[in-house]
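J.: Protein chains in written order, with my numbering: chain A, 1 to 263; chain B, 1 to 643.
If you're looking for bench data, these hints aren't it; they were derived computationally from the structure.
Some hints here could point you the wrong way.
Unchecked claim - Derived pair list, reagent style DSSO-like, types lysine-lysine, alpha-carbon separation capped at 27 Å:
hint	chain 1	residue 1	chain 2	residue 2
1	B	Lys-54	A	Lys-202
2	A	Lys-119	B	Lys-629
3	B	Lys-631	A	Lys-202
4	A	Lys-119	B	Lys-631
5	B	Lys-370	B	Lys-351
6	B	Lys-627	A	Lys-202
7	A	Lys-110	B	Lys-631
8	A	Lys-99	A	Lys-227
9	A	Lys-110	B	Lys-627
10	B	Lys-337	B	Lys-278
11	B	Lys-134	B	Lys-117
12	B	Lys-631	A	Lys-115
13	B	Lys-48	B	Lys-95
14	B	Lys-629	A	Lys-110
15	B	Lys-323	B	Lys-306
16	B	Lys-463	B	Lys-511
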Amino acid sequence: MTSKHEQKYLRMTLNERIQHFLLLSSFIILVSTGFALKYPEAVWVMWFRWIFGEYAFEIRGIVHRVAAVVMTADSIYHILYVSFTKRGRKLIVDLWFYKKDIADLTGTLKYYFGKEDSKPRYGRFSYIEKSEYWALVWGNLVMGATGVVLWFNNTFLPVISSIGMEVATAIHFYEAILASLAIVTWHFYFVIYNPDVYPINKAFITGFLTREEMEHEHPLELEEMEKPDSGSKKPDDTKEKVNTVAGTDNEISENTEKDTEIK
Amino acid sequence: MKNLLYKKSSGLIIISLLLLAVLISALFTYQKIKAKGIDDCLVCHEDKDLTMDKNGKKVSLFVNAAEFKKSMHGGNDCTDCHQSYNPDQIPHNPKKTNVDCRMCHDNVKSDPDNVHKNVQCNSCHSAHNVKSAKEFGKNQTETCLGCHKNKNVQIFKGSIHDNKNVKCSDCHQGGHTVKKISKNDVLGVCGKCHSKDKEAFTNSIHQVVLRQGNSKAPSCLDCHGSHQILRSKMDIESQGCLKCHLDEKMFPGEGKGSTKFISEYRVSIHATIQKDGKQAAGCTDCHGNHMIQQGDPNKPSVSRTKILETCSKCHSKEVENFKKSTHGQELLNGNEKAPSCATCHGEHNIKSVSKSDEFSKINQVDLCLKCHQEQKLPHKNYKGEDVLISNYKESYHYIALKSGKNAATCADCHGSHEMKKVDDPDAKINRYNIPKTCGQLGCHVKQLSEYTGSVHEVSLIQKHGADAPNCSTCHGNHQIAKNDDVKNRMASSKGLVQLCSDCHSSVEMVKKYNLPIGRTDSYMNSFHGLAMRGGSKVAANCESCHGYHNIRPSSDTLSSINKKNLPVTCGKCHPGANQTLFNTSIHITDSISESPLLYWISRFYILMILAVIGGMVMHNIFDLIKKVKSKNKHEENNGEDDK
Numbered sequence: 001m002t003s004k005h006e007q008k009y010l011r012m013t014l015n016e017r018i019q020h021f022l023l024l025s026s027f028i029i030l031v032s033t034g035f036a037l038k039y040p041e042a043v044w045v046m047w048f049r050w051i052f053g054e055y056a057f058e059i060r061g062i063v064h065r066v067a068a069v070v071m072t073a074d075s076i077y078h079i080l081y082v083s084f085t086k087r088g089r090k091l092i093v094d095l096w097f098y099k100k101d102i103a104d105l106t107g108t109l110k111y112y113f114g115k116e117d118s119k120p121r122y123g124r125f126s127y128i129e130k131s132e133y134w135a136l137v138w139g140n141l142v143m144g145a146t147g148v149v150l151w152f153n154n155t156f157l158p159v160i161s162s163i164g165m166e167v168a169t170a171i172h173f174y175e176a177i178l179a180s181l182a183i184v185t186w187h188f189y190f191v192i193y194n195p196d197v198y199p200i201n202k203a204f205i206t207g208f209l210t211r212e213e214m215e216h217e218h219p220l221e222l223e224e225m226e227k228p229d230s231g232s233k234k235p236d237d238t239k240e241k242v243n244t245v246a247g248t249d250n251e252i253s254e255n256t257e258k259d260t261e262i263k
Numbered sequence: 001m002k003n004l005l006y007k008k009s010s011g012l013i014i015i016s017l018l019l020l021a022v023l024i025s026a027l028f029t030y031q032k033i034k035a036k037g038i039d040d041c042l043v044c045h046e047d048k049d050l051t052m053d054k055n056g057k058k059v060s061l062f063v064n065a066a067e068f069k070k071s072m073h074g075g076n077d078c079t080d081c082h083q084s085y086n087p088d089q090i091p092h093n094p095k096k097t098n099v100d101c102r103m104c105h106d107n108v109k110s111d112p113d114n115v116h117k118n119v120q121c122n123s124c125h126s127a128h129n130v131k132s133a134k135e136f137g138k139n140q141t142e143t144c145l146g147c148h149k150n151k152n153v154q155i156f157k158g159s160i161h162d163n164k165n166v167k168c169s170d171c172h173q174g175g176h177t178v179k180k181i182s183k184n185d186v187l188g189v190c191g192k193c194h195s196k197d198k199e200a201f202t203n204s205i206h207q208v209v210l211r212q213g214n215s216k217a218p219s220c221l222d223c224h225g226s227h228q229i230l231r232s233k234m235d236i237e238s239q240g241c242l243k244c245h246l247d248e249k250m251f252p253g254e255g256k257g258s259t260k261f262i263s264e265y266r267v268s269i270h271a272t273i274q275k276d277g278k279q280a281a282g283c284t285d286c287h288g289n290h291m292i293q294q295g296d297p298n299k300p301s302v303s304r305t306k307i308l309e310t311c312s313k314c315h316s317k318e319v320e321n322f323k324k325s326t327h328g329q330e331l332l333n334g335n336e337k338a339p340s341c342a343t344c345h346g347e348h349n350i351k352s353v354s355k356s357d358e359f360s361k362i363n364q365v366d367l368c369l370k371c372h373q374e375q376k377l378p379h380k381n382y383k384g385e386d387v388l389i390s391n392y393k394e395s396y397h398y399i400a401l402k403s404g405k406n407a408a409t410c411a412d413c414h415g416s417h418e419m420k421k422v423d424d425p426d427a428k429i430n431r432y433n434i435p436k437t438c439g440q441l442g443c444h445v446k447q448l449s450e451y452t453g454s455v456h457e458v459s460l461i462q463k464h465g466a467d468a469p470n471c472s473t474c475h476g477n478h479q480i481a482k483n484d485d486v487k488n489r490m491a492s493s494k495g496l497v498q499l500c501s502d503c504h505s506s507v508e509m510v511k512k513y514n515l516p517i518g519r520t521d522s523y524m525n526s527f528h529g530l531a532m533r534g535g536s537k538v539a540a541n542c543e544s545c546h547g548y549h550n551i552r553p554s555s556d557t558l559s560s561i562n563k564k565n566l567p568v569t570c571g572k573c574h575p576g577a578n579q580t581l582f583n584t585s586i587h588i589t590d591s592i593s594e595s596p597l598l599y600w601i602s603r604f605y606i607l608m609i610l611a612v613i614g615g616m617v618m619h620n621i622f623d624l625i626k627k628v629k630s631k632n633k634h635e636e637n638n639g640e641d642d643k
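Next up, chain A with everything else stripped away, as it sits in the complex (with noise of 0.2 Å):
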């Protein structure tokens, strides 16, 4: 058992991390800029204005406009990357939406009201990262797509009149709140707030998960890498596993788990 419980499991290679990573920072940057300009006398926005100067609100639309280019790179790195390689295509396929994910929904639902036992056991991604994910890809469209209606505003304005720069604005707004919230309430809380992992999953930073997370979170992943007819999904054998799970398209990702793996 203490061998299974010291054991690691591969979540994210270095090159999902370091594309989490600009997410991750270019949200940030983009919500605080983002917001920073809807309410002004916000004490924050004041702090920023206080500490850039005069030109702050300049400031903050340039560094709004940068992190959108970085988190657009970003995304169609993104696209790049689940197109081309093998553990990208594979990452798709297991965020895919399947009639499953509608039973674990409706199972979790009942555990929760006490009308079964034991929570549905989750694959590689439950229902609440698919829908996470595709949430974002939605948003990243949406935002994007706005952001530079609003961003080319001059260039924009003939081709959509005056009330589709009203409806851009508008959806750009509404569309950021929801990607705000739905980030702290659901994607903080399964990464910082849940008990089990609380005070935060270290996956996002160390690509791995431990044994314990992986039969809280991802049972039916473990029992699946587990499978003796799986064979490489050993989870004793590191090596076998990251060479399989992290794909080895990826040599940056591939040495570096080497390295923590042996650990």
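Fit chain B to the supplied structure of chain A, relying on the hints for placement.
T.: Showing chain B alone in chain A's frame:
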């Protein structure tokens, strides 16, 4: 008694006898001379060269026969007057007895005061060309001046009195009781004709002092002269007031000394500007002439109560304006702190307003501030006036003045004489008149023409809207600052928006004037407003789109926000706006009617956010509860295991 009567009657008899003898002898003599006759005398005395020596002087003995015959005495014989003349003897009158006119003219009385009592009758009436009183009177002046060769008397000839046929006798009394006129009597003599002036002079300080026994006090003659009689405007320097008032012995001391005033006066505009060859205003023009007063503060023509009247003799327009002004009204009401003409212009040292330093625009402020400043207010003012006025010194008007430019000072806006309270409909600073005042020639003419026809102007002037903005509503009044001055509310976008919002987001105003609602809120939440709030320096504010002086409603084709003009207006910042279709109102107040699409989008999102985030929160809560529960259970189990 009888004896006495007898005595007297015997005397009378003697006198009668003597008279009879005289008459007989006279008849005899008369017949004797008559035989000689007037023509006999003229045989010799018609010779113009006939002379005799009299006390060493050559005296003409010529008699103009024609004149004599026409004269009053023409019917008389020579010997009627020249009695005791012996025609056979030369000289005829060795005893040198004078002709005694009283022989016949015994009714002529001789007054003991008559200055002419030792003057021979013929000195005036002439010897042979004696005229009737009427005829004599006609040439009285010449007769008198014939003897009175004194220059001071001679100038009577051609004087106003002479021209108006006033004779010597009118003043000096005529006939045979000619008098010298003493100083104390002068007023009475002149007053015979000049009764009004006499009355005025009687109460004047000059006459009062004279009555008190000051012999130096002037009478009529001291100013008008005795015989020359000067009238109307006198040359003050040589003849008038200064004769006495420059004399420091007569008027000693600092306070009473008139020399100080006179030296001030001499450089004043009144003295230096000429009118009809004399000072524009001399002493008497202000102080009056005959009725010059002192003492009673209300009597003199230069007193506070009368000065308006006095100055208005020349400056009628200014005084009329002043009387209607607050200053003037207070003065007329007897407010002793109210300013009169002299308070601002001074008294003797009155200077040209346009040329003097004192009234130069930069100093004029101090002149006004002398009273209107820092609690020293001499009259009731509304609170904060001191602050208001001191603010002027920080205004661009004053800054520009100081740097040598021409800019508005107190009088330019308030009027120089016609300053009135702000609530007076005629006041230059009345809210309805302010545009005219600011836009006066030489000032903000261009701005006024822009403002004219604007929605603000229309509602102020044409609709007489008491709340419609005039110049000062936005620019302030005394503390007017330049557009880029931080003190100017409009210098920053925030200040400007706040300024417009003062009215346009006031519930009261919006209701009262049916203003479009939600202008401020919708702007504040638009990108323009958000950027402005965030500190952007280029974000559009109210005036970027609406203009400032010439703000017009969108229905007006001249309006910058008229649909036709929007591409140009927006195009100032957004080059793409030229072909833009403005199919939504700019100030969207998020109402379903104004922009249904936007309304539904926002409703959709709000619902979605509530549903999604609500669901997530609920999910979290259930998860948390379950996890806490199972953890507790787990711990209990563990605890049991330990036991």
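J.: If any of the earlier hints don't hold here, list their numbers in rising order.
T.: Hint check: 1, 10 fail, others pass.
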